[in-house]
Amino acid sequence: MSEYLVIVESPSKAKTIEKYLGKKYKVVASMGHVRDLPKSQMGIEVKHNFEPKYITIRGKGPVLKELKSAAKKAKKVFLAADPDREGEAIAWHLAHTLNVDTASDCRVVFNEITKDAVKESFKKPRAINMDLVDAQQARRVLDRLVGYNISPLLWKKVKKGLSAGRVQSVAVRLIIEREKEIQAFVPEEFWTVKTELVKGKDVFEASFYGVDGAKVELTNEQQVQDILAKLQGNAFTVENVVRKERKRNPALPFTTSSLQQEAARKLNMRAKKTMMIAQQLYEGIELGKQGSTGLITYMRTDSTRISETAQKEARAYIEEVYGADYAATEARKEVKGTNAQDAHEAIRPTSAMQRPDELKEYLNRDQYRLYKLIWERFLASQMAPAIMDTVTVSLVNNGVQFRAHGSVVKFPGFMKVYVESNDEGTEEKDRLLPPLDLQETVYSKDMDAKQHFTQPPPRYTEARLVKTLEELGIGRPSTYVPTLETIQKRGYVALDNKRFVPTELGEIVTELMLEFFPDIINIEFTANMESSLDQVEEGKANWVKVIDEFYHGFEQHLEKAEKEMREVEIKDEPAGEDCEHCGNPMVFKMGRYGKFMACSNFPDCRNTKAIVKGIGVTCPTCGEGEIIERRSNKKKRIFYGCSTYPGCEFLSWDKPVGRKCPKCEGMLVEKKLKKGVQVQCVSCDYEEEQQM
1 MSEYLVIVES
11 PSKAKTIEKY
21 LGKKYKVVAS
31 MGHVRDLPKS
41 QMGIEVKHNF
51 EPKYITIRGK
61 GPVLKELKSA
71 AKKAKKVFLA
81 ADPDREGEAI
91 AWHLAHTLNV
101 DTASDCRVVF
111 NEITKDAVKE
121 SFKKPRAINM
131 DLVDAQQARR
141 VLDRLVGYNI
151 SPLLWKKVKK
161 GLSAGRVQSV
171 AVRLIIEREK
181 EIQAFVPEEF
191 WTVKTELVKG
201 KDVFEASFYG
211 VDGAKVELTN
221 EQQVQDILAK
231 LQGNAFTVEN
241 VVRKERKRNP
251 ALPFTTSSLQ
261 QEAARKLNMR
271 AKKTMMIAQQ
281 LYEGIELGKQ
291 GSTGLITYMR
301 TDSTRISETA
311 QKEARAYIEE
321 VYGADYAATE
331 ARKEVKGTNA
341 QDAHEAIRPT
351 SAMQRPDELK
361 EYLNRDQYRL
371 YKLIWERFLA
381 SQMAPAIMDT
391 VTVSLVNNGV
401 QFRAHGSVVK
411 FPGFMKVYVE
421 SNDEGTEEKD
431 RLLPPLDLQE
441 TVYSKDMDAK
451 QHFTQPPPRY
461 TEARLVKTLE
471 ELGIGRPSTY
481 VPTLETIQKR
491 GYVALDNKRF
501 VPTELGEIVT
511 ELMLEFFPDI
521 INIEFTANME
531 SSLDQVEEGK
541 ANWVKVIDEF
551 YHGFEQHLEK
561 AEKEMREVEI
571 KDEPAGEDCE
581 HCGNPMVFKM
591 GRYGKFMACS
601 NFPDCRNTKA
611 IVKGIGVTCP
621 TCGEGEIIER
631 RSNKKKRIFY
641 GCSTYPGCEF
651 LSWDKPVGRK
661 CPKCEGMLVE
671 KKLKKGVQVQ
681 CVSCDYEEEQ
691 QM
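Quick note: the sequence shown uses the UniProt record's numbering, first residue 1, plus one each step.
It cannot be assumed that every hint is accurate.
Unchecked claim - SDA-like, lysine to any residue: derived pairs with alpha carbons at most 20 Å apart:
{"no.": "1", "residue 1": "K672", "residue 2": "Y326"}
{"no.": "2", "residue 1": "K563", "residue 2": "E515"}
{"no.": "3", "residue 1": "K372", "residue 2": "M447"}
{"no.": "4", "residue 1": "K360", "residue 2": "R459"}
{"no.": "5", "residue 1": "K416", "residue 2": "Y326"}
{"no.": "6", "residue 1": "K312", "residue 2": "N268"}
{"no.": "7", "residue 1": "K15", "residue 2": "P38"}
{"no.": "8", "residue 1": "K671", "residue 2": "W653"}
{"no.": "9", "residue 1": "K119", "residue 2": "A214"}
{"no.": "10", "residue 1": "K272", "residue 2": "R365"}
{"no.": "11", "residue 1": "K613", "residue 2": "E504"}
{"no.": "12", "residue 1": "K273", "residue 2": "K489"}
{"no.": "13", "residue 1": "K663", "residue 2": "K372"}
{"no.": "14", "residue 1": "K194", "residue 2": "K445"}
{"no.": "15", "residue 1": "K571", "residue 2": "I523"}
Bear in mind the hints are in silico, worked out from the structure with no lab data behind them.
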């Protein structure tokens, strides 16, 4: 019989840990929380210090029965849920249910599921940390008070099934405000002038800078013509050459937020999927004879801190594989955000020696790609900076100044392994310039003047919204994914080309929230509330007092809203056609995947159909039909086809723009790149400047 019972959240985690602990330990899974607030009622005794009324979660009865039976037979019970507020709360609820003394040394925590880390944690069990439990409890009570008081109001005044929450309301507000910025944006014209310069066999590019040493911004075509008219011939004189050596440091290891952002940019992964796969890598993967093994450290963290042991192991690997010059000579300083809890290390591989290519056969495609990203980012963070040689050359013709820039990677350093992506580009590329001396003459091959317009701020992607929430101090690593899921599920926002667009419903609810619950939707207030919860966790604030201070003002707003909030009728928008089944008008409805058409005679008639969205371009194949947006059956990926299909079988993954290529008369399409859209020809190499 096992002497000790260990309880974790999931079966895969249980399997990995049991392998390390030996026969005296039995490891079982609670399958997450076993107790929670009831769904059918508020479950908070407001007049009795906001005491929560916990009940056994429906369906958890059999699990609890097995846990109680196993606990009675065990000499001692250890609670080994995840090392965060939520994990501490799970342990606390289990302790109460199984009659385990919360003040006894029953709690074990580990940041990584490896043999050494797990065994070491069982040498130092501790009591349940009630500050952590109180912080989780405070958040749960706070969200319940907000949700269960405002949501019924919204059901009554607007539409059934709506909800309101602190973080989700602010997230929707950010998306709406960004949309208003885009709509109010007035594009400003500007021009660029570039030239190809020739020195012997070498050709390089230079861009217009200014006149007579002063920088000039070109804002209209007349300015451009005046500049070109000022040029005398095609000879340019080298006026100045500046050479510099520049260091580029590697990115720090991943936090939850930066992992979600980089996985979106490099792997095209949604935040929810990223965290699901990271959880699998953390809890353990079957590695053949090695058995179930945890491959990364805990994935919910806002810290970039790395343990000294992990640093030493990484540097030893770097020196062995790449050479001593590639290893960092001193530890990078971790960057702590204003609101960072810094409870755990950064996300890193549990061992730098576990190379992605050696584990590939045991991982599915997504697990391999995410593990490779985490491994490369961590390894690069422990490597030497890259050294760049940069050259800036000023060239002049009758006072008109052009500049050429060149850079060469002198020493790749961390770039040998990994380069962080960003909104401007993904990599530092060599741009070679020929050797140029002062007063040397080079010759212009041609001039290329282009008109541009400033672009509005981009809509939020999931990654960009997470980054913004983090920068504003709103939400924490464990809340980003649920927030993104909720605002879409409620129909407050929709995804268009992987970017958030507010719906009419989202705008109506936000307007009501701003009028009657300004604190809930106030960015600064929400950030301060997160800080208050952090103070509870640190033992610097009493959770009941924090809730009481919030509730005093909230209750007044609630009373006012119940009396004064107007009813808002959201009428279904007519679709402009009749139902082919019953003849009643079709209307637009909002569903999980966006708008669709449905019969207004629902539920008597359940006819629905997808919205056919034309793009205003005539089919280039048949010349008769209109190009319309379609979605593939399996992955719901957008593609473009002729409206006369199957009569015309024109198909394209890229959006036709309705213009012919000026070079070959071929079809021009919008090609989606990692960092924007570029118009390209499908038949030749013609392309236009990339738009963000």
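> Does the structure break any of the earlier hints, and which numbers would those be?
Replying inline: 1, 3, 4, 6, 7, 9, 13 and 15
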